[in-house]
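J.: Listed below are the residues making up each chain.
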Amino acid sequence: LAKTTQPISMDSYEGQEVNITCSHNNIATNDYITWYQQFPSQGPRFIIQGYKTKVTNEVASLFIPADRKSSTLSLPRVSLSDTAVYYCLVGDMGLTGGGNKLTFGTGTQLKVEL
Amino acid sequence: NAGVTQTPKFQVLKTGQSMTLQCAQDMNHEYMSWYRQDPGMGLRLIHYSVGAGITDQGEVPNGYNVSRSTTEDFPLRLLSAAPSQTSVYFCASRRQGANEQYFGPGTRLTVT
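The listed protein sequences derive, respectively, from chains A and B.
The first sequence begins at 52 in this note's numbering and counts up one residue at a time.
The second sequence begins at 41 in this note's numbering and counts up one residue at a time.
Just so you know, these hints were derived from the structure itself, not from any lab.
Be aware that a few hints might be false.
Now the in silico label distances, taken between C-beta atoms and shown as ranges [as the list claims (entries may be wrong)]:
#1 A/Phe90 x B/Pro48: 44 to 50 Å
#2 B/Pro48 x A/Phe114: 23 to 29 Å
#3 A/Leu131 x B/Glu140: 23 to 29 Å
#4 A/Leu165 x B/Thr60: 41 to 47 Å
#5 B/Thr45 x A/Leu131: 27 to 33 Å
#6 B/Val100 x A/Gln93: 20 to 26 Å
#7 A/Val110 x B/Gln97: 31 to 37 Å
#8 B/Val100 x A/Phe90: 20 to 26 Å
#9 A/Arg128 x B/Ser120: 36 to 42 Å
#10 A/Gln67 x B/Thr55: 47 to 53 Å
Sample of chain A residues lacking proximity to chain B, with all beta carbon distances greater than 12 Å (derived) [what the hints assert, rightly or not]:
#11 Ile71
#12 Asn77
#13 Thr85
#14 Gln100
#15 Lys105
#16 Pro127
#17 Val129
#18 Thr154
Stretches of chain B that chain A covers, calculated by requiring three or more beta carbons in the stretch to come under 8 Å of a beta carbon on chain A [to be verified]:
#19 54-64
#20 82-88
#21 142-152
We put the CB at the ideal spot given by N, CA and C, even for glycine.
With the rest of the complex left out, here is chain B:
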């Protein structure tokens, strides 16, 4: 199993551009989440999904959209990038009924 994969690893955007961060898992996990981590801070939940077709907002959802058309994929869309969205983004998944989350390697995003 590849586990949780994220692409790209690094990305630089200009203010106002849009892009999609990709996340995929091959463990057939029902739950998937997106977090952002800013320097010296913990992870903050952006959006999460409890299954295909079901998504909900986390702690910091503004400026981001998600969809979950399949169990495997959970893309995160930045609609109009802002410098405040410069961060490292982590995707995670877990099995329903389990507490252990599996994290991807992260995407480092810089918005200029």
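Pulled out of the complex, with its shape left as it was, chain A reads as follows:
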């Protein structure tokens, strides 16, 4: 299973774009990259998923370079409500039950201020 490395914490201000980078040097060919968001006292919530290049949805963008050894979650124009922990996961969850062994790591604590 690919190990991931993320910054422990990041600070930002409302209205700014936030980019959180995750390193996953030993990503496998069948692995996808998935990001989750967790608010205090809640379970994690799926944000975005990608395999290569760029993926965008209504809340975030995910940039994945050609070598796939890292990925960057981009949150445009953050607000106070984006203060949360963000987790990067790498693995083949879609094909085998073994994908259920993904670990979340400690994530990145994003703090957004006025």
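Since the structure of chain A is provided, determine the placement of chain B on it from the hints.
T.: Below, chain B without anything else, positioned relative to chain A:
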């Protein structure tokens, strides 16, 4: 759909007591998992199931049992509670072939 539900929300146990944390999902998902989250840490996988009648161990299975008699339910049993099992427990489910997991609201367990 209610999604993933967990009961109870809070529980206090004495060392040596046993109990079952309940988890149910109404999305007909094949895969279900149990995680624990300790303060300042990420989620660690306890046990998981890929379908009714099939379960397997995760990263931290010791002290916990699971069973999956139906698609909907995936209870987690603490056989003899220990203070080291004080944690927040999350249940999750996902559809076979999908990467997105749906998490329940969690159960906060304290063992004294």
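J.: Taking each numbered hint in turn, which are not upheld by the structure, reported in ascending numerical order?
T.: Violated hints: 1, 2, 9, 13, 14, 18, 19; rest satisfied.
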